[in-house]
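Engineer: Protein chains in written order, with this note's numbering: chain A, 1 to 200; chain B, 201 to 495.
Heads up, a few of these hints could be off.
Computed list of lysine-lysine pairs in DSS-like fashion (alpha-carbon distance at most 30 angstroms, straight line) [said to hold, decoys possible]:
1. B:K345 <-> B:K361
2. A:K164 <-> B:K360
3. B:K427 <-> B:K237
4. B:K360 <-> A:K63
5. B:K314 <-> B:K457
6. B:K338 <-> B:K243
7. B:K237 <-> B:K306
8. B:K361 <-> A:K123
9. A:K117 <-> B:K361
10. A:K44 <-> B:K361
11. B:K344 <-> B:K314
12. B:K344 <-> B:K306
13. B:K360 <-> B:K430
14. B:K338 <-> A:K170
15. A:K123 <-> B:K392
16. A:K123 <-> B:K306
17. B:K243 <-> B:K457
18. B:K312 <-> B:K344
19. B:K391 <-> A:K52
20. B:K237 <-> B:K344
21. B:K360 <-> A:K55
22. A:K63 <-> B:K338
23. B:K314 <-> B:K338
24. B:K306 <-> B:K271
25. A:K70 <-> B:K360
26. B:K442 <-> B:K338
27. B:K391 <-> A:K117
28. A:K55 <-> B:K338
29. A:K55 <-> A:K73
30. B:K345 <-> A:K170
31. B:K360 <-> A:K143
32. B:K271 <-> B:K243
33. A:K70 <-> B:K338
34. B:K361 <-> A:K73
35. B:K312 <-> B:K345
36. A:K52 <-> B:K360
Partial selection, computed: residues in chain A whose CB lies under 8 angstroms from chain B [stated by the list, open to error]:
37. P77
38. H81
39. T151
40. A159
Read the hints as simulated data drawn from the structure, not as lab findings.
These numbers come from a predicted model, not from an experiment.
Yeah, the Cβ is synthetic: ideal placement off N, Cα and C, and Gly gets one too.
So you can see what is in the structure, the chains are spelled out below.
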Amino acid sequence: MKKKRYIFIWVLVCLLILASGVAVGQKTQNAALAEPVVVSPADKAAIDVFEKQVKGYIELRNKVRANAPKLSKDSTPEQIHAYRTTLENSLRSARPNAKRGEFFLPATADFIRRTLKTEFQGKDRQELREQIFETETQGVVLKVNYPYAQTAEFSEMPATLLAKLPQLPKELRYRFVGRNMLLVDRESDLIVDFMPDALP
Amino acid sequence: MRRTLNHHFLFALLISAILFTPAPAQKLNGHLSAPLKLTLPMKDGSTRFAVIGDTGSGTAQQREVGDMMIKYHALFPFEFVLMMGDNMYGGEAPQDFEKKFAEPYKELLNSKVKFYATLGNHDQALQVNYENFNMNGKEYYRFKKGNIAFYSLNSNYMEKKQVQWLEDELARETAEWKVMFFHHPPYSSAKKHGSDGQLREVVEPIFLKYGVDVVLTGHDHVYERMKPQKGIYYFVSGAGGKLRTGDIDRQSGITEKSYDRDMHFMLFEVAGDQMYFQAISRTGETIDSGVINRK
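Looking at chain B on its own, in the form it has when it is part of the complex (with noise of 0.2 angstroms):
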């Protein structure tokens, strides 16, 4: 019986020490990191971009999303970043804009990388106002980057006229792909905001009515990719420099791949009518990857 018991506990041992131990890392800058792993494939001519979202916190963790997102910069050569709000906590002086942006971000910064942002429930309405951001001085934006057209919505304050642009633009939208940015995310699995209803009751008959494909959100600090909602892919991508660790409920039964043990960032690339992603840890690992094929 003893001997028994004994295997039981060597044998749990094991299994333990199977799934906690990290994948094989290097130390790179005093951290431990995977080695990087880029599953998109390069297509000539394919539209690439980088998502973060929930990044204004100014601590080192922030400044390694931002370098694991310059060390894939490297290998994936980017073209803008859209940021999914919640770009600064806490106070918006202008030394906040340095340590919790300019700073973490330097690097692509100089490197030409466009930064596309959106308003968070942190957010000061102006920051609409400031270079880095290419908000244009506007809280509710459209911008068009190859065959996607993207939309930055503002979902602190959903007001008539936004809804009413928003109708109007996509009924004139000729782009192939319709991609949504904002903040507050109408499907969520995480414990401490979750789904958006008053504002999925709003937007989600207007995305299904235009036929708008990808949704990209922050808020809940974690990462998660829903299984596709009445045809749309909608991803909450809130961890790039605050965490929530554990906050996924694994039992929503909307989630296709989720991840709340450490910061992420993501990257796209569309080609055609396929668009490729890969989400990516804090410390390089690749936490989800997968392609979306146009309707």
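Looking at chain A on its own, in the form it has when it is part of the complex (with noise of 0.2 angstroms):
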């Protein structure tokens, strides 16, 4: 009888084992390519007025882009500045009374400071933490509408952390500085918007 008991409990730590490890190996596996976590219908209601934003900055942008100067996927280093600086001109003139927390509204900022915190636990946030904290980031001015300093590195945003965020067009980048997450003109390297305390 205690031998019967004994093969019982092996048998339920093998599949035990065998089990995490399948659930390990599906995550290594599909890390980058999940689906965002689930949420709850106030958080996906965040998400949908975030990515309305995004669509109307975006719209703005567009108009802003028709009037600076054409880039080919061929251009001289002078034409690149010069997009380049017509672009972020047109940009700060166009959103003048642009100011931190338009994008990242309380209940979207809560979003994403709950979604690292809990997706990023233990080893991972320890890794992400070093990750960005040994990233160079002197010079940059944390102001809405200021370029990102050109001798800044940038952090490199992990694809794991990136699949969990509500999903952005390629005009634009989520970046860190510090335990601050920037949304940036991929671009211009415009600061469009930053949150505070973002990273646990």
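Bring the two chains, given one by one in their own frames, into a single complex with the hints.
Structural biologist: Written as structure tokens, this is what we have:
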């Protein structure tokens, strides 16, 4: 009787180990392509608002961009410089009253903070923090409508993290400066918005 | 006792002299330079290319690496160069493109050598539009030379779309060799950055699934060839314009060969199922060489 109980416990333990192995394997294989974390109706509403604002920004950006010099796939440094400068100045002028928190509204910011906190724990969180804090971001002025300093590095944004955040169009990027999460225009490098204390 | 100590001292001095005396060198352009020595076989019809990483400092040392590449190009006429990112440090005004790229590699550009860049953590997104980086306006792209498919990834920002693109492209890949190049190293023994575990978690399963052969990276300012990791050959070539002397952790257990005493570049030759490589220091010394046989 005692022997049977031992066998049962061993089988149970083996099954548990196997199941956890499969789960870990699946996570590893699909980490970057995973669906965003399951969200509550309130979170979904917050993400919807965020995405609507992003869409509005892109519409404005497209209008502004139409006035910038055309940029081909084989441009000279002068053409790149002219395009970037015009785009940066035009975007700044188009959003003269831009201020922090326009995109990262409290509900959106709360969702992002919770996502980072729940999805990155233990070793993963430690690695993420190390990666972000080793980035040399001296010179970055955390101010909306200001360009990200050209002398500063960009923090690497892990695929596992990007998969869990609201998806962005190609014109925008998430970026970390210390614990702050930034929303940055990809080509002009203007800070569109930022939220403090994003990183747990 | 005193005589024994003297002998020990002299013996130590002799060993130090042997270890730290540079190889026979000749003076070229004011710099000590080792005699050029090519270990690559120069087979007919082979594909020949060079690799440089973390170049864009605009320093005299970057130009010296460029000068050495030109000398080796005369011996081994490589057709193109892969750039591992950090193509431009600290500003990207037109004069920076000149000082940190066009000028150091002027003779290669004049010889119609094409450069294919990838973005590092110091590179602005608009570099993808620069005529001499051949990125075709894209942050991640593929091109084929001979029997090799090259994939440049943007490891700064591995969003879903890019990962999906990589999977889709590799799923229909017909080239015999599959070579990846991007900035952050999934494996590295350097102390400053080291292996990028978060990136590796995402890309390694894809590389394994589709039989990627070689992965070329930069970011750490050293040279390192890893022992094959799950059958894939990983290189870090991140000292084409910056150097972090003594940064290699020699106890990491993953290094096959490493070098952190000077800047370097690499040469590759692919002939059929063999990929030959040679890593060369700023002064022309061969710091590593070998051959990879395709799986």
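Engineer: State for each hint whether it applies.
Structural biologist: For each hint, the structure was consulted:
Only pairs whose Cα atoms come within 30 angstroms are accepted, and K345 (chain B) paired with K361 (chain B) is accepted, the gap being roughly 25 angstroms. Between K164 (chain A) and K360 (chain B) the CA atoms are separated by roughly 10 angstroms; this keeps the pair inside 30 angstroms, and the hint holds. With a CA separation close to 25 angstroms, the supplied pair K427 (chain B) and K237 (chain B) stays within the 30 angstroms bound. In summary, the hint linking K360 (chain B) to K63 (chain A) is supported, as the alpha carbons are separated by about 27 angstroms, within the 30 angstroms threshold.
With a C-alpha separation of about 28 angstroms, the suggested pairing of K314 (chain B) with K457 (chain B) holds against the 30 angstroms cut-off. With a C-alpha separation of about 33 angstroms, the suggested pairing of K338 (chain B) with K243 (chain B) is violated against the 30 angstroms cut-off. At most 30 angstroms may separate the alpha-carbon atoms for a hinted pair to count; K237 (chain B) and K306 (chain B) meet this at roughly 23 angstroms. Under the criterion of a C-alpha separation no larger than 30 angstroms, the hint pairing K361 (chain B) with K123 (chain A) is consistent with the structure, at around 26 angstroms.
With a C-alpha separation of about 24 angstroms, the suggested pair K117 (chain A) and K361 (chain B) falls inside the 30 angstroms cut-off, and the hint holds. A threshold of 30 angstroms between alpha carbons decides the hint, and for K44 (chain A) with K361 (chain B) the separation of about 21 angstroms falls inside it, so the pair holds. A C-alpha spacing of about 13 angstroms is found between K344 (chain B) and K314 (chain B), which places the hinted pair at or below 30 angstroms, so the restraint holds. Of the supplied pair hints, the one linking K344 (chain B) and K306 (chain B) holds, its CA atoms being roughly 25 angstroms apart against a limit of 30 angstroms.
Using a Cα cut-off of 30 angstroms, the hinted pair K360 (chain B) and K430 (chain B) holds, with the two alpha carbons roughly 24 angstroms apart. Taking the CA atoms of K338 (chain B) and K170 (chain A), the gap is about 11 angstroms. The hint holds against a cut of 30 angstroms. Annotation: proposed proximity of K123 (chain A) to K392 (chain B) holds, straight-line Cα distance about 19 angstroms (limit 30 angstroms). Restraint check for K123 (chain A) and K306 (chain B): the C-alpha separation of about 46 angstroms exceeds 30 angstroms, so the hint is violated.
A C-alpha spacing of about 25 angstroms is found between K243 (chain B) and K457 (chain B), which places the hinted pair at or below 30 angstroms, so the restraint holds. Taking the CA atoms of K312 (chain B) and K344 (chain B), the gap is about 18 angstroms. The hint holds against a cut of 30 angstroms. For a cut-off of 30 angstroms, the pair hint linking K391 (chain B) to K52 (chain A) is broken: about 43 angstroms separates their Cα positions. Taking the CA atoms of K237 (chain B) and K344 (chain B), the gap is about 29 angstroms. The hint holds against a cut of 30 angstroms.
Under the criterion of a C-alpha separation no larger than 30 angstroms, the hint pairing K360 (chain B) with K55 (chain A) is consistent with the structure, at around 19 angstroms. A threshold of 30 angstroms between alpha carbons decides the hint, and for K63 (chain A) with K338 (chain B) the separation of about 22 angstroms falls inside it, so the pair holds. Straight-line distance between C-alpha atoms of K314 (chain B) and K338 (chain B) comes to about 17 angstroms, which keeps the hinted pair within the 30 angstroms bound. Distance hint between K306 (chain B) and K271 (chain B) is fulfilled; the C-alpha atoms sit about 13 angstroms from each other, no more than 30 angstroms.
Between K70 (chain A) and K360 (chain B), the direct Cα distance comes to roughly 28 angstroms. Compliance with the 30 angstroms bound is thereby established for this hinted pair. With a C-alpha separation of about 26 angstroms, the suggested pair K442 (chain B) and K338 (chain B) falls inside the 30 angstroms cut-off, and the hint holds. Proximity of K391 (chain B) to K117 (chain A) is assessed by CA-CA distance (about 28 angstroms); at most 30 angstroms being required, the pair is judged to hold. At roughly 22 angstroms between alpha-carbon atoms, K55 (chain A) and K338 (chain B) fall within 30 angstroms of each other, so this suggested pair holds.
Proposed proximity of K55 (chain A) and K73 (chain A) is supported: the alpha carbons are some 25 angstroms apart, at most 30 angstroms. For a cut-off of 30 angstroms, the pair hint linking K345 (chain B) to K170 (chain A) stands: about 29 angstroms separates their Cα positions. Restraint check: the Cα-Cα separation between K360 (chain B) and K143 (chain A) comes to about 28 angstroms, which is no more than 30 angstroms; the hinted pair holds. Using a Cα cut-off of 30 angstroms, the hinted pair K271 (chain B) and K243 (chain B) holds, with the two alpha carbons roughly 19 angstroms apart.
Taking the CA atoms of K70 (chain A) and K338 (chain B), the gap is about 16 angstroms. The hint holds against a cut of 30 angstroms. Taken as a hint, the K361 (chain B) and K73 (chain A) pair is honoured in the structure, with Cα atoms around 21 angstroms apart against an allowance of 30 angstroms. At roughly 16 angstroms between alpha-carbon atoms, K312 (chain B) and K345 (chain B) fall within 30 angstroms of each other, so this suggested pair holds. For a cut-off of 30 angstroms, the pair hint linking K52 (chain A) to K360 (chain B) stands: about 20 angstroms separates their Cα positions.
Using the Cβ-Cβ criterion of 8 angstroms, the hint placing P77 (chain A) at the interface with chain B is satisfied: the shortest such distance is roughly 4 angstroms. At a threshold of 8 angstroms, the smallest CB-CB gap from H81 (chain A) to chain B is about 5 angstroms, leaving the interface hint in force. Taking 8 angstroms as the C-beta cut-off, the interface hint given for T151 (chain A) holds, the closest approach to chain B being about 5 angstroms. Given the 8 angstroms rule on beta carbons, the hint for A159 (chain A) holds: about 4 angstroms separates it from the nearest Cβ of chain B.
Against the hints set out earlier in the document, violations occur for numbers 6, 16, 19.
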